[in-house]
Structures are given as structure tokens and as C-alpha cells.
Amino acid sequence: MSSGRPNTTVKIGGLVLKNPVMTASGTFGYGEEYSSYVDLNRLGAVVVKGISLEPRRGNPPPRIMETTGGMLNAIGLQNVGVKAFIADKLPWLRQFDTKVIVNIFGETLEEYGRVAAALTGVRGIHALEVNISCPNVQKGGHVFGCDPDVSGDVTRVVRSATDLPVIVKLSPNVSDITEIARACEAAGADALSLINTLLGMSIDVERRIPHLRNVTGGLSGPVVKPVALRMVWNTAKAVSIPVVGIGGIMEAGDALEFLIAGAKAVQVGTANFVNPHVTMEIIDGIEEYLLRHGMGDVNELIGSLKTD
Amino acid sequence: MFTKDDLKAEILSNVEVAPSHYLMALAVSRVFRDARPGQFVMLRPAGRGVPFLGRPLGIYSLADHGDGARIEILYRAAGRGTQVISTLCEGERMEILGPLGNRFEFPPGMDTAVLVAGGIGIAPLVFLARQLSCRSEGVRVVVYLGARDAETLLGVDRVKVCSAEVRLCTDDGSMGYRGPVTDLFREDLGSFDAAKTAVFVCGPNPMLRRMSEIVADRPIFCQVLMEERMACGMGACLGCTIEVQTRKGVQYRQVCTDGPVFDIREIVWR
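Line by line, the protein sequences give chains H and D. Count along the first sequence from 1, then add 1; that gives the number in our numbering. Count along the second sequence from 1, then add 125; that gives the number in our numbering.
Hints listed in this document are in silico derivations from the structure and should not be mistaken for laboratory results. Please note that a few of the clues may not be correct.
Claimed, not checked - Straight-line alpha carbon distances no greater than 25 Å define the calculated BS3-like cross-link-like pairs of lysine-lysine that follow:
no.: 1; chain 1: H; residue 1: 307; chain 2: H; residue 2: 90
no.: 2; chain 1: D; residue 1: 321; chain 2: D; residue 2: 285
no.: 3; chain 1: H; residue 1: 238; chain 2: H; residue 2: 307
no.: 4; chain 1: H; residue 1: 19; chain 2: H; residue 2: 84
no.: 5; chain 1: H; residue 1: 84; chain 2: D; residue 2: 373
no.: 6; chain 1: H; residue 1: 90; chain 2: D; residue 2: 373
no.: 7; chain 1: D; residue 1: 129; chain 2: H; residue 2: 19
no.: 8; chain 1: H; residue 1: 238; chain 2: H; residue 2: 12
Here chain D stands alone, though its shape is the one from the complex (with noise of 0.2 Å):
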């Protein structure tokens, strides 16, 4: 049973990383010890009303805390609801659903894990590289962001720390390979052996929809991270709906229960 207190949080701070990024972290109860990558929160200010709804938001990191838990979101400042949590302080508090959501899945003999994220798409990724970086059989990650320009190219230190290599790309070409995350990642898909690796995307959607369209007809292991408005987060709703391609014709399925990691390959682009 979820008690009072694991539906409360505090900032523990609120950091301003690159121009509307930012970066939480907060004290959370202990059932978040149990979060995987993949999964995410519902956040919002305590006792303000605005805005309204939670926002979903990936976890970034984990670690115990005290009793608890102590996790970290890194996100953008893109509409109503995230500009008013950018603005809040350390010690503040926060309502928190979680952790909610499924996970990232490992196929069985995965050699290889490719991470490729567009822009704040690398928050759940770090999560993942940290959790690869931990495994005992030793998985090679390799992990590709890409990103408007230097200064959005965010939790690369973090990969890097997981002993991951890192290849990054930049719209205006101030770092790494100019141009999009999912042109390098053409480039190098035929260097990894498909049938021992897996890839795990998040970004925006027409990065996304880029992968699909990349993947689709090679034989390997491909897993996305799908975001959707929600209300509750937790399956009751039906809010958060989807399109996937089942072998019954295209299906709904609730990004908040059903996913957020989904195939790839089951996506119905909007």
C-alpha cells in the first residue's frame, strides 16, 4: 500500500544546466529504491494548484537516501507545468506518483548496448547506462546524443562515467558530428553484430519515427521510450493512448501502464 509519504517529495535542488534545462534532485520515500530505467514520475508543486496535473517526467538517476531514496530528474522548461517547477527551490515540496511505468528490457545474449538519444531524450538513457555499467557479464554501451548545439548536450560526463563510448552530434556542428543523432547512427548500425545487440531510444518524436524507419527491416532488438499528455499516470483514465500495429490491426495501448518502453517496431507514427 502506498502510504502519505510516498506520495511526498522535497527538492533537494533545482538547477538551471543549459538555457530552459534543468536538473532536480529530490528525497523521496523508499519504494523508489525499486525504480528501473525506463520508468518515470508524476510531479508537480505541492499545494499550489498550478499546474493542475502532474507532469510525467523519466527518471535520470538513482540512489539510496537515508531511509529512502533520492532520485534526479533532467528536463526542459517547455511548457506551462515544467516553467513552474523550473522555478522552484531546495527545500520545497513536491507530489510524486511512482516509480510508474514498465522498463527497458535486455534480449538474452546481448553483447552490446546502443543508446541513442535526441536532446532531453538522454535522461532515461543515463539511468539505463548506469544500470548496463553495473551488470556483472560486462556489456559493451555505446550511447549517441545528439543535440541543437554544444550547450544542450547534456549527461555526457554521466556516460562517460559509465564507461560508455560516447559519440556526440550537434545541429550547428559546435561539437561532434554536425547534423541529426539518427544520420551517425546510420552510418554505424552496420558495424554492430544485430543478432547480440540492442538499441534504446528516447527523444522527440520525429527522431523517433527516423528510427523506426532505420531499424525497420534489420533483425535487431529495438526498444523506444513513447511520451504522451497524462492525467493519472497510472492506467485508469485512458488518457495517454497510443497507436501500435498488432497483429489483430492497430490496437490502443496507455503509454503510462502498456509503456513507456515499447517495440519499436509496434509504433503507429501520429
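One chain only, chain H, in its complex shape (with noise of 0.2 Å):
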């Protein structure tokens, strides 16, 4: 091993990243409400808060509830819209040496690749993140991730809106991610990340109503993390592109599982909402644990998982 740091440089469909960690897109707004607890240029990436073509005022509230091991969120993806975004949010972004990934949705396919589009060419941004886990309004709400062909239909949309690396965003409410992820990367995503949150309701048994406005919610949180983590290891070994692993990561052992499982790199979410200097905590938990293992490069640990 050579003297000095490890190596923790991974790169995902055309992306360096200095390290394998990201923040989770929803959990770290558009960056400057953490910046007084990390320094922005120590981490791989920010994935911003989903951007839609227009501004998205979200759902009623109660949107949020605390679950055991985690938490149910029915923000109902409010966002700036496009145009404040690239206006008023991404300049403060720039500033700092640190990917920009934005995370975007649509309620139509050709809305992903108007959103797509708007944001290709723009300065401070280097990749997009797809999510596919909402509903396609033309076709009857049906969420537009649990269907293979209509996964692959957005990716395929995304793709040819822009130039910039293409990662979808997998939803784990299928019977199997892997067709999911098979579909996309076929459409031509550069990689994918999952996983998205899990469908979830919780109740107030006094009132007899449900906690959140909207009913049904999105967990996540610790209590996620075997089933992410599960969905990783075989999409992993399902397609050849890079996959991102989210799912209750606290700490830099579970982000270590996810690089052992097959993730090329991680994202940490709801975990900024407890603790928020957690993502330097991880990484220097990784490094840590590279040097406690004689290991010069991070990527000598991705889908290493022994297993016979």
C-alpha cells in the first residue's frame, strides 16, 4: 500500500467523485440550510431537492410522522420549479468544489424531458437524477417506476433531452427491482440509485385518523436499510452501470455494507435530519476504515461481499 491517504475517488457514469458520499435528494434542500454544520466541498456529491417544470407548492400537512427506526414523509415534492431553481438556488451551489447533481420529476413523460433540458448546458451542474417513483398523470396515476417499459420510456426521454450522466432513481414498491433496473440501463441510464422510499401509513388511534394528510406516505430511516440494502445487492449483479445505495445509512458502517454489497457510491438521507454532521462522520468513518484494513482504494471494497 502506498503511503498516505486511501484512494476514495469512485466515478459513475462519467462522474468523478472525490468520495462515495452524497447527500439524498429531499434531505439536504438545495444545501445551503447545512452549510453552517459541513463544509459542502468535502462531500462527492449534493443530490438537490426534485425539480419539477414548474414550481410545486407540495401536499397539506400533517406531511410527516415519526415512525420506530425512521419516519413516514408526504412533503408531496414541493420545489422552486426550474427556472428559481437555476436562478436563485444553484449559484450559491457553485461556489463550492463539490458535484451538483439535480434530482428532477415530471407528472408526464415529455415534461421529464422538458425539465431535462432546461437544466442541460447550465453551469455547477454535472449529472441528473431521475425519479420515476410518481404517478404518471396521463396514465392514471400509475406510478411511472413499477412498470419496466414505462421506467425505460423515461430514461429513454431523459437521455435524449441531455448530454449530462443520466442516474434513475429506483422505487422498491415492485415485485422485482431488478427488471426495473434492467429496463433502464437498456434505455440508456448511466447508473442507477435505490433506493427511493418505501410506501407506508401510520394512524392516530384516538382520533381515528390517519397521521399524515395524504394517508400514505414514504418511510424511511434505519428501518429501511435490510430491504435497501437486499434491493442493492441484486440490482448490483443484475445490470453492469454503477449503482448508488440509499437506505437508512447513519453511520459509516452502513455505508461500508452498501459499498460491500455493490454500490459504487451512497446516499445519506433522512440521517442529516438527526445528526447534522453525519456525512463527514461517514466519511471519515470510510477512510478510517480503509486504512484499518491495509486498503489503498475504496473500490477495492465495491461488491466485494464473499459469499458461497
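Could you fit the two chains together into a complex? Lean on the hints.
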């Protein structure tokens, strides 16, 4: 092993990250909120809150509810819209030496293409992450990401609208995530990120109403990690493109599990709410692990799970 | 930049002061010396994972403490999270985020501050009473406090020490006026000069709603402290949304960053 610090650089479909730690969309705002806790220059990447063509105000409250080991959210994809993002939020992010990945979504296939195009060629944006876990308003509200053909269609539309690296974020609320994964790979995705939130609900027994105004919401936090890990492991074996692992990562050990299972990088989401410093601790922890195990390069770890 | 130490707190004491009501004192970092009435902290036990999310709790008092600060939280063990917090002992560690949120404001020309508290809503208003009593231009401070019974009338000695005029109410009449605090306030409202009086309100939602109805058609400055379930406490998750009435119609606001202090007339009550 060469002297000095281990190499933590990873490559995700044309994107070169200084380390495998990113923040998950919807958990880090547009970056400013955490700037007094986190040195954004140290992050591998920031994935900003999902952006749509037009601004969205999101769902009526109550929007969140704690569960054992996690939380439910039905924020409703509130965002400032692509124009305001580029004009008001992106300039601030540009000052940092971190990759900026913009999460996008649409209500129709066409909208996905238009948002992707609007973000292409804009200085300071390094990749797009495509959220396919939302309802297709044109097709009876069926979630794009629950059908392999439709998932492929979305990927294809975004692929032809942009030359930026395209990462498709998969929904776990499907029978076989590897089917969706393969469809997106075939349609031109540069990488995949998984998992998005699991569908869940919670009930106020005294008032006999749901805790969320939306009734159902997305479950996240440590409680989902075993599900996410299994899906990452399966998906990494099913496709050749890089996989980014997301789901309940609270500390370096959790991140390492995903890397060992085959993820090239990880996203840290809900953990930011309970410990704003968590991303920095995870970056340090991964380095410490590599040093302790005499590994000079984080890439030695990726997909190194021994099973027989 | 907030350091790791700014996110740590140590319990100095955690005492039950009335059934299910607790007073906790915490040693915290010097960043809390900037805390002002209206602000809150996100608090959870260190290293336990339960409750998963921090709990938003108003700051009851603030003092310097060594190199850092000492804050107090007066809280009710109302749900899962606060029940766990109520079991913690002196010397135990907490994870803390703060000071968070905006603060109570004083309109120009204010010579009277009326603080109206329902139950545990007294907590942030005690901090406010203390701040008001320290102002050089003497402000008359009147505190209305209502609770279920005499036992749950909390913070009374603290506000008396701030030279406030205190008017107490209990639902069962075991102390003071018998009836809701909003009724007593309403009776006295005419005696205040609306142009020079500011009203500050904190308590359970039905009480806040009743207060908004009382001041609705009076030109009197009135701020309310709102509460909502929170995850991050700092404006990132967009979970703690409430609705407010604006000139452009009903809009959403985040209690943790746009609040928790709001103009009472803005609030769209659920």
C-alpha cells in the first residue's frame, strides 16, 4: 500500500466523485440549510431537492410522522421549479468544490424531457437523477417506476434530452426491482440509485384518522436499511452500470455495507435530520476503515461481499 | 460553523414539577448564548435511537454557565419522545440542535406586553417575561396563565420575579379565576391601550384559535407561537408546514424557520 491517505475517488457514469458519499434528494434542501454544519467542499456530491418544470407547493399538512426506527413523509415534492432553481438556488451551490446532481421529476413523459433539457448546458450542474417514483398523470396515476416499459420510456426521454450523466432513482415498491433496473440500463441510464422510500402509513388511534393528511407516505430511516441493502445487492448483480445505494445509512458502517454489497457510492438522507454532521462522519469513517484494513483504494471494497 | 460540541448537551437536572410535567436543565455550548425568547431546540437522548427524531421544545430560561450556557426546558411528557426524555437523569447526554427559529418581536412604542399562556404554553413566555423585565425602558408586563388545576399552573414564581402582574385561571377553579384563560383575557382586553400594547400567546391549538378570534377585529399587535411535528428543525425537510393567509391567498410556511413565532392573524387554523 502506498503511503498517505487511501484513494476514495469513485466514478459514476462519467461523473468523478472525490468520495462515495452524497446527500439524498429531499433531505438536504438546496444545500444552504446545512452550510453551517457541513463543509460542502468535502462531500462527494449534493443531490438537490427534486425539481419539476413548474413550482409545486406540495401536500397539505400534516406531512410527516415518526415511526419506530424511521419516519414517514408525504411532503408532496414541494419545489421552486426549474427556472427559480437555476436563478436563485444554483448560484450559491456553484461556489463549492462538490458535484451538484439535480433530481428531476415530471407528471408526464414530456415534462421529464423538458426539465432535463432546461438543466442541460447550465454551468454548475454535473448530473441528473431521475425520480420515477411519482404518478403518471396521463396514465391513471400509475407510478412510472412500477412498470419496466414505462421506466424505460422515462429513461429514454431524459437520455435524449440531455448529455449530462443520467442516474435513474428506482422505487422499491415493485415485485422485482432488477426488472426495472435492466429496463433503465437498456434505455441508456448511466447509473441507478436505489432505493426511494417504501410506501407506508400510520394511524392516530384516539382520533381514528391517519397521521398524514395524504394518508400514505414514504418510509425512510434505519428501519429500511435491510430492504434497501438486499435490493442494492440484487441490482448490482443484474446490471453493469454503477449502482448508488440509499436507505437508512446512519453511520460509516452502514455505508460500508452498501459498498460491499456492490454500490459504487451511497446517499445519506434521513440521517441528516438527526445529525447534521453525519455526512462528514461517514466520510471520515470510510477512510478509517480503509486504513485499518490496509486498503489503498475504496474501489477494492466495492462488490467485495463473499458469499458461497 | 457549528462544531460537534455545539450539538451536545448534558443534563444538569430533570425534575417532575407536576404530574407528567418536567423541568430539565441542560449544560450546552456557548452558541446558545444567542438564544432569544420564541426560539426552540431539537432534543433527543444521545446514542439510543429512541425517539428517532429530536423533539422541538421551547427554551424556558437561559444563563451563562462556565464557558457555555445553561438552558432550561419545561415540558409535558405528552408522547413517546417526551416520555423517554422524562426518564433521563442528571449526567446523561443529549443531542441538541439550536437555537432554532425566529423570535418574538416588539412593535415600536410598546409600553405594555400581555403574555397569554395555556398550560405548558407558559414555558417560552417565561423566557419572554424575563427578557422584558431586563429592558431599560420599563415595560408593563401582564401575564395570563390558565391550566387544568392549581397543580399544573407552572412558572408562576418565575414570572412574579420578573415583576409581572399575574392573573391565574384554572378549569376547576382550584386557583384564581374559574374558566378558560381566554375568557379572562377577553374581559380585560378593553383596559389595554391597543396602540401601545403587544400580546404574545402560547398554548394548545384550540386556545390559540380562540385568541385569534378575540383579537380579530382589534388593531392590537399579537404574535402566536406555533407548534408542528418536526424532523430536521432547520428548514430542509419541509415537514413542519402550516398554512397562512397572505395577500396572494393561502400559502405554506415552515414553523421551524418562518416561525415558530407568527402574527396570529396570518394563521389558517386546522
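Structure-based check of all given hints:
1. H/307 x H/90: violated (44 Å)
2. D/321 x D/285: Between residue 321 of chain D and residue 285 of chain D the Cα gap is close to 22 Å, so the pair holds against 25 Å.
3. H/238 x H/307: Within the cut-off at roughly 13 Å; holds.
4. H/19 x H/84: Distance ~29 Å between residue 19 of chain H and residue 84 of chain H Cα, so the pair is violated.
5. H/84 x D/373: holds (20 Å)
6. H/90 x D/373: At roughly 23 Å apart (the allowed maximum being 25 Å), residue 373 of chain D and residue 90 of chain H satisfy the hint.
7. D/129 x H/19: holds (23 Å)
8. H/238 x H/12: holds (18 Å)
Going through the hint list in order, the structure does not satisfy hints 1, 4.
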